[in-house]
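Visitor: So you can see what is in the structure, the chains are spelled out below.
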Amino acid sequence: MAVRAAAVGRPWRRLMPAALWERPRRLQHEWQPGHPDQPIQMENPYKEPPKKCVLCGINVDYKNVQLLSQFVSPHTGCIYGRHITGLCNKKQKEISKAIKRAHVFGLMPVMFKNPSFLTDPKICNVKYPE
Amino acid sequence: KPETAAVLKRTVEALMERGAVVRNLENLGERSLPYKISKHKERHRRGGYFLIDLEGPPSIVSTMMDHLGRDIDIIRRGFIKHPVSKTEECSGIIPVNYEDKLIANK
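Chains as they are written, first to last, in our numbering: chain U, 1 to 130; chain P, 131 to 236.
Treat the hints with caution; some may be incorrect.
Straight-line alpha carbon distances no greater than 30 Å define the calculated DSBU-like cross-link-like pairs of lysine-lysine that follow [as the list claims (entries may be wrong)]:
no., chain 1, residue 1, chain 2, residue 2
1, U, Lys47, P, Lys231
2, U, Lys47, U, Lys97
3, P, Lys139, P, Lys166
4, P, Lys139, U, Lys122
5, P, Lys211, U, Lys93
6, U, Lys113, P, Lys231
7, P, Lys139, U, Lys93
8, P, Lys169, U, Lys100
9, U, Lys47, U, Lys63
10, P, Lys131, U, Lys97
A short list of chain U residues far from chain P (calculated; beta carbon distances all over 10 Å) [to be verified]:
no., residue
11, Leu15
12, Met16
13, Ala19
14, Pro24
15, Gly34
16, Lys51
17, Gly81
18, Cys88
19, Arg101
20, Asn114
21, Thr119
Stretch by stretch, here's where chain U covers chain P in the computed footprint (C-beta under 8 Å, at least three residues) [unchecked claim]:
no., stretch
22, 159-172
23, 197-211
To be clear, the hints were calculated from the coordinates, so they are not data collected in a lab.
Beta carbons are placed, not taken as given, at the ideal position from N, Cα and C, and that holds for glycine.
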């Protein structure tokens, strides 16, 4: 047996578990040097512009009571939450601050919605009208 | 009507006395108040809204609130900072990665 090993010529390798064998690591999503056919790295060209909320770009003022009344319940006068209005963080905060200011300054009714603004277009998706 | 003019004149003079510079005076119209306000032993239903643009030291605020509180003709008073509108930079709703937030908190 030992004689046969010597005759083969290749250096005898001690037995090693298959998990420790050195293998070429070639991952598909990694860039391999030297291949002209590889895909070029670039930003997604089909990316959609970020979704804008209803008030993106509109200045919120405590004086225009009509705009503020659109985010208030017609029956109780309470301010709708973020899950109903669908506004982004900043705008929701601005709206609620403006509404409370309008309440204090006597520009907007507190317990109900101004009846002249009841026929305004609906922005909020109220599933269960109060 | 001459009464409202007199009230405005009084307030503007008081502001000038304290050292505030009045830039603009706007009339937001006279309308019925959204709710009945009782002030100085009287229940008010209609009122005229006025907006005074002014520049001055912040120490005026408390003294002016006192002064306006003693005026019978003024129903409600208030001071606000000039709103600095920065709505042109609104970039839209950026989708928040909740998974990353959760892992980061750990």
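Visitor: Hint by hint, note whether the structure agrees.
Guide: Checked hints:
{"no.": "1", "hint": "Lys47/U <-> Lys231/P", "result": "holds, 24 Å"}
{"no.": "2", "hint": "Lys47/U <-> Lys97/U", "result": "violated, 34 Å"}
{"no.": "3", "hint": "Lys139/P <-> Lys166/P", "result": "holds, 26 Å"}
{"no.": "4", "hint": "Lys139/P <-> Lys122/U", "result": "violated, 43 Å"}
{"no.": "5", "hint": "Lys211/P <-> Lys93/U", "result": "holds, 17 Å"}
{"no.": "6", "hint": "Lys113/U <-> Lys231/P", "result": "violated, 38 Å"}
{"no.": "7", "hint": "Lys139/P <-> Lys93/U", "result": "violated, 36 Å"}
{"no.": "8", "hint": "Lys169/P <-> Lys100/U", "result": "holds, 20 Å"}
{"no.": "9", "hint": "Lys47/U <-> Lys63/U", "result": "violated, 38 Å"}
{"no.": "10", "hint": "Lys131/P <-> Lys97/U", "result": "violated, 33 Å"}
{"no.": "11", "hint": "Leu15", "result": "holds, 41 Å"}
{"no.": "12", "hint": "Met16", "result": "holds, 37 Å"}
{"no.": "13", "hint": "Ala19", "result": "holds, 29 Å"}
{"no.": "14", "hint": "Pro24", "result": "holds, 32 Å"}
{"no.": "15", "hint": "Gly34", "result": "holds, 35 Å"}
{"no.": "16", "hint": "Lys51", "result": "violated, 5 Å"}
{"no.": "17", "hint": "Gly81", "result": "holds, 16 Å"}
{"no.": "18", "hint": "Cys88", "result": "violated, 5 Å"}
{"no.": "19", "hint": "Arg101", "result": "violated, 7 Å"}
{"no.": "20", "hint": "Asn114", "result": "violated, 7 Å"}
{"no.": "21", "hint": "Thr119", "result": "holds, 18 Å"}
{"no.": "22", "hint": "159-172", "result": "holds (count 4)"}
{"no.": "23", "hint": "197-211", "result": "holds (count 4)"}
Checked against the numbered hints given earlier, this structure breaks hints 2, 4, 6, 7, 9, 10, 16, 18, 19, 20; the rest are met.
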